[in-house]
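Listed below are the residues making up each chain.
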Amino acid sequence: MATIKPKKLTLRSYQVGFGDCFLLTFHYNGRTGDRHVLIDFGSTGKKKSHGENLMVRVAQDIKKRTGGKLHAIVATHRHKDHISGFTTNAKQTGPGDIIASCNPDVIIQPWTEHPKARVNAKEAPGTITKTQSFVSSLRSMHEIAESVLLEAERRKHILGKRLHDQLTFLGEDNLSNLSAVENLMRMGKRHHYLNYGSRSGLESVLPGVKIRVLGPPNLKQSEEIKSQRNKDEDEFWQLQAMSNKFVIQKDPMLFNGARTYSHANAPGATRWFVQRVRALRGEQLLSIVRSLDKVMNNTSLILLFEVGGKKLLFPGDAQIENWSYALSKRSVQRLLAGVDLYKVGHHGSRNATPRSLWDNFSKRSDKVTKNRLETFCSTMRNKHGTSRSKTEVPRKTLVAALKGSSNYHTTETLGKKLSFDFTMTFR
Amino acid sequence: MTATTTPRTRTLTIIAQDPSVRVKGKILRAQVEVPAEELAPGPWGYRVHVVDYDSSTLNLYRPMKYPPIGSSENGDGDPFFKASDAKLLSDPNFHAQNVYAIVMRILARFEFALGRRVSWGFYGHQIKVAPHAFADANAFYSENDQALMFGYFPGMSGRMVFCCLSHDIVAHETAHALLDGLRTRYTDPSSPEQAAFHEGFADVVALLSVFALPKIVETIIDLNAPGKNSSRIARKYTTVEALRKSMLLGLAKEMGQELPAIRGDVLRRSVKLEPSRTYIKDPEFIEPHRRGEIFVAAVMNSFVEVWARRLKALGTTRYLDRERVVEEGAMIADYLLTMVIRALDYAPPVNLEFCDFLSAVLTSDREINPNDSRYHFRDILRETFVSYGIDPASEGTEEDPGIWAPPEAGLNYDLVHFESMQRDRDEVFRFIWQNRKVLNLYEDSYTRVLSLRPCLRIGPDGFALRETVVEYMQIVNVFADELDRLKITAPEGMPAKQKLMLYGGGTLIFDEYGRVKYHITNRVDHPERQTQRLKYLWEYGYYNDPRSFKNFANLHRKKRAAPFADSIRQEW
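Going line by line, the protein sequences match chains P and H.
According to our numbering, the stretch in the first sequence is residues 1 to 427, in order.
According to our numbering, the stretch in the second sequence is residues 1 to 572, in order.
Only chain H is shown next, with the shape it has when bound in the complex (with noise of 0.2 Å):
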């Protein structure tokens, strides 16, 4: 008898960014791989589940049957394999195996980084998609309906615009939503870089997933590099300036066909953010979109700089081999997606600044990768951030500069059993409370443990890494009145008797052996952090209306209909 092995991924055809990127009059498509599984009608898979409804018209369309996996039938379980353009985008089964394979892609891609599991932020499984919620040119992610739903409408052109159909806006909302299972209380109320890091990082998240297919980076080369016919292209192409020109003015460009309302030029007006240490602390950036954009701009520009580095090193010829140039192009997008993902583990809680996002991000990949002597991927990022004033929350070492310091001396591992607090929130509480003082915890609060992770990560050379993540918060309750003791200085207009809820909290990284490697921390009497962010949160109406800042739906609209956000602080 012969065993038969079920394969671990299935093969399925999406659009490669959206319906206006052609070649040759032909939609651009690619077929990924995502991890295989028997799929209901829906597609209805262990973590996604499509449900096709619309509000707008009131139908509930009925999905397709999927042959089994490894099957021939149907291109090897694909059913669109050899699909006419006109099917890809007339049939609603088509669009639901674009949201389902495009969400499933960015799912793998974290756990793949984090090396384990990662759970939406909701209690649940399957994430349910919308492709056709509604008719209106918004898409958006609602932890309440724990749900991805985007919207249509008719384009400028007269052709309806499906943004189900496009992957940067589909791989944008699926990770805001895994973002918000990895880090629950990034969505709290805090600065407006926290905001603005959610937004920049789904950006990120959605650009470098899409400069990740080959097929892309190759499609764009041949818009913007003359000679597209010939299996090489000029190195004069391939210099920063050129790559930064051709590759990402020239997706901005592709992506702002059909959808210039609803990206709001992220990439094109990122890409025009020439590097300065102004923009940070310039008003015109705390909108947290406008803030995003500094963000996007930094990994963006580094992902040129590292490839326009690495073609440099290939050699002094004229020209270079033009599939050299799209395979590196891919394979520094897919790794820098992987860093960037890795660093959420290595970042703190709450409270998060995009300064400590770039030592995270370093710490991250230098435990991982401690040979970064190819690329250059740590040093083109702490260099370009820095550009654009963001300098590192730590200093690091001479080695290492900007990754988070060793933890704090004298911890203490008696009492408390690694084996348990691998799984067990009491014990990693145990292990806190008792270290509670050299771990220098705010003792007059409220803590618990937010989240217990063990992790398995493999580094580029197959090296396995095993760690364990624990994530703690601490609430205080003050009055604005109180904050004085704690060298907190209270926003202007604040009256006294105002209650405050004061947050803070750190991220435990255990190593294989049970000891704490790292201890990554914003204290919940942080002077600086906490008056700042009081007087964003009091400037910015929080204290008015709660509701209206946790909420995708309305921060996407908030971009274009609202672009006043400082007037709720006149308001009664």
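Bound conformation, chain P alone (with noise of 0.2 Å):
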């Protein structure tokens, strides 16, 4: 009996602004016809000239393409700019609502994700698993993101544009996403929560395609390269959380009756010392988002698509703490060298396309060859980091890397297009 594959992939790239959204779409022959996977749908950013109700209409188009039936959803990490799509509204008319429309069968998620990782509340904090701990700090995280945005808003004449709007972005970007979150658990027949090495349950619905899951790996996996994980940095993140609670209060006092200066008549010499740890506060708590920010990024799914003798990698936002663990081994160095299609990493930011990694691809090359690789980035310019600070997204040189030495296609050149096309076609 002849093997089940398909003959060709169809990449979407979708407009979401500052986000990630693609639809894999493989052909098949016969009875098993098109299979679509979506991967990712989420945003936070976007150009006025995108136009009104941009993910409605990038979840209508998703369902128009797939006929209203989608096989499988990947949601690499929480981030809102990964998963925002999913959201529902109370009239069911949100784009989340389209999505679960489309009666995927099956959603993947990195295991951060599996409701068992959770902290129940009443559980002794003895019997809390290192997983459970640290899938609680990131929850802690969410609380904090929140706060920040919250002190950010109220010190908005202190802080300044840049880092008022620095804070706002990273901030909205680490909030919880409730609504899709548990739209994510509600959709869906079956439900897999990866870790590096894991089975991806793809392959049932994408026969003749092989699928790795190469990160994130689990705490376990992750201290064979490292030493142990410091239990400190999940307590340090819930007692973060706590501080930040304790600010956004209506008027936090520290100290009961506590006698105090007005601002106008505090004494000379402190003046110039209080406009100083202002300033510091507003730092601070960009310092803090941005922590937040790359611990979320590294919960993030990498999955390496092996079809028809071509490999295609999708890393999501993984930066290089989640890398380390699969770059660490001599057997996915050799695998990730002949990847043809390269989704680049966290929309082109300057840490999560390890140097190591794009080293390794052989197929890059100056010259434009039949069999060149392809990168894929999903991104807007001006909305996260600073060239000064050499942190803008998409980072320039990088930018300038994948221009030289792949075929480079980027969201960015959509304009009021909802999307584009590739075409791949498989042996």
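What the hints contain is simulated information worked out from the structure, not anything from laboratory work.
Among the hints, a few may not be true.
With a straight-line Cα cutoff of 20 Å, these simulated EDC-like cross-link-like pairs (lysine to aspartate or glutamate) come out [to be verified]:
| hint | chain 1 | residue 1 | chain 2 | residue 2 |
| --- | --- | --- | --- | --- |
| 1 | P | K245 | P | E233 |
| 2 | P | K47 | P | E172 |
| 3 | H | K24 | H | D222 |
| 4 | H | K253 | P | E235 |
| 5 | P | K383 | P | D340 |
| 6 | H | K253 | H | E218 |
| 7 | H | K535 | H | D525 |
| 8 | P | K396 | P | D421 |
| 9 | P | K245 | P | E235 |
| 10 | P | K396 | H | D545 |
| 11 | H | K281 | H | D391 |
| 12 | H | K281 | H | E539 |
| 13 | P | K329 | H | E284 |
| 14 | H | K215 | H | E33 |
| 15 | P | K220 | H | E284 |
| 16 | P | K390 | H | D545 |
| 17 | H | K253 | P | E233 |
| 18 | H | K215 | H | D85 |
| 19 | P | K390 | H | E539 |
| 20 | P | K210 | P | E412 |
| 21 | P | K310 | P | D34 |
Calculated Cβ distances over 12 Å to all of chain H for the following chain P residues [claimed, not checked]:
| hint | residue |
| --- | --- |
| 22 | G33 |
| 23 | H114 |
| 24 | K116 |
| 25 | E235 |
| 26 | R276 |
| 27 | S287 |
If you want the footprint, here are the derived chain P segments under chain H, 3+ residues with CB under 8 Å [unchecked claim]:
| hint | stretch |
| --- | --- |
| 28 | 50-56 |
| 29 | 247-255 |
| 30 | 348-356 |
Positions of the beta carbon are idealized from the N, C-alpha and C atoms, including for glycine.
Got two chains here, separate frames each, mind docking them using the hints?
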């Protein structure tokens, strides 16, 4: 009996502003027909030129394109720019409602989303596993993000526009996206929560396609490549969350009845310093949200699709800490050398395409050749970071490398168009 | 008419360690002596200005007025002498006093050890201290803000935890600020060991400063050795292992009660670090905080070893006088603290490594205390450091292994005047310049005198030692492809035209007659050290983001939130 395998892939990249949304359609002959896998659907910043109701229009296009049937959804991690499109509303007209109506068979998420990894509030602290502790720290991070947003809004006049915008952007991206998370839980017949080396669960809907899960590592795997995870890290986020909660109270009072100066009558010798400490608080908040943003990115799924002699790599927003485990293995390095299609990690940021990964791609070429590496980046300029601090997204040095050594495709060229397609044929 | 004498010190109440350390349910306090001065509200003294501004609640607390020194009002100028525990916890003015007193106490200890005034690491005389700077589990020294910042946060117990009430945290940050003033180039991007030294040194100052308080020693002994109501203590509780377990781990446990996340278990982790010569080359110990633990382990285990040996030498009876055990412990901590501070003057001004510091501490102590036969501080420090893989940078002599070698022969003292050399950097520079060949300086470089510090130190026997300490540094600008001619290897992957700055320099110790006693150097063209330094900086992303290498706030947060420091080299 002949093996069933796809003949062709169409990759549709959607315009979602700053976010990711890729629809992979594997074309099979005969009864198998087309199989549709949606990888992420989220946005945390759009331009006016993208038009009204962008996410709903994208969802409608997905529905139309798939004929109302999604075979799988991959939600690489819980950042807003990857899952906000799964949000529903009371009238059931939200983009997430439209996606849910496509009845996905399989939902794929990282292991950190497993319901059992959560801490039951009634559980004694002593019985909390390391995994639960880590997952609980992720929840603390959402709370921190929420507090930071409130504090940033309250101090808008002190922080200045640049800092306020950055705090708002990172804060919003790290909110809990509860509606989207719950919708993802409700959708789908089968849910798989994956870590490095897990069976993906996608094979059942994508015959003839081998899918390897290269990240994120679970805690045990992480500890294989570094010293034991410091439990202080988890506790730190809990303490941080509690501190931030204190600050956003209506009138936080540290010392009841303590006498204070009004702003106008502060002694002259203190004024310079008071300004400095105020400024410091803004920088401190930014540093906190940046740290938690990074932790969250590193829960991202990394998937490698192997089909008909081609390799397609989708790493979500994984940064080097996530990649480290996979890249520490020679077998994975050999496997990744032959990648044909690379979805650029984290919208082209400076720390999500590890140099060692990039250098290892053998199909990079300065010349346009038949089998040249194809790269896809969903991004939007002037939203994240600054060129002065070399943190701009997309990072110009990375973009130069992508343009110079691969066939580079970016959603930035879409303008008002909703999507573009790319086709790859298989052996 | 009767002449009045101004007291030399003022006694102030502080919390001995932190509010969780209690005796019979009451917070353990200490009365510490700080240099006397008429305080302005803050407290605001000649070296410290406490400004109690909270950037999270946007409150600037009103400080109290301090009674004159020596007045009988409020317990001889200590308004919190008889205050209740509740008052200490709930009055921001006490928090302000606590930080003021601890910072001044550490400063006074530095000035005593070094025999001179010690400046902060910024232009200004008074460091600002914000005891409630923000709601965050963090505390740090900020050179740009000329300040020490202490955060607060709701603890696991639901009670607010104040970093400013933890003696070791305040002492740690003060030590950073003082070290930055004394050795301003130690915050330069260099080897992992130099960054680790800043952390390790601050920890050692903090811990020894806590152990130098007899009340703390007594309390921890009582908590861990049975029979606290007895005036005697069984000898079996005074062995090295017993003291290590009871004192070091005991204090670690007490410290960790409220502040595990911010203290990062430094003491506990350091104490548990069994002696091994492998750590120093283990990649796990590259991260500065982790590497600093090796240094802390070596010093704190030396402390316990000196103490145990001293107690052993007190006779062969089955029991020891409890008070004597406490006194000896606090005294040894205090002397060791003085030793490590004094050693800074004998350390090279740039690219410090632990092995340099070991030679510095051995030499500086030998100069002031030639006879160490009673406590064997030097022998024990050397043995312990060696057991952690830290060999002295210098071979030393048969009688004093590990001390720095005498200076180069043939130095020319003509044409310069020692009297001027004690106050005039240009005069010292002239001396260095005219002796550049004998001193073996790298000639094709920029050279300047960083500091010139005459000092008068008093030894344990009352003997006075006059010295003048001079630091100079050299800077060479090169491209990576020029490193070959300096016999330095460029890191793999570094572009040929990468601009690089190499730092080197030396410390000259002049005796009271103006002759050089020691010339302690880290050469700008040292092949192995510069190769290692560049490799570390390249791999850890210094050339991508230089700013992240000189920021204590980030460093402290990175310790917890960015365990993969080497990730930067993978960035674009």
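Handout entry: Numbers of the earlier hints that this structure fails to satisfy, in rising order
Key = Violated hints: 5, 8, 20, 25, 26, 27 and 28; rest satisfied.
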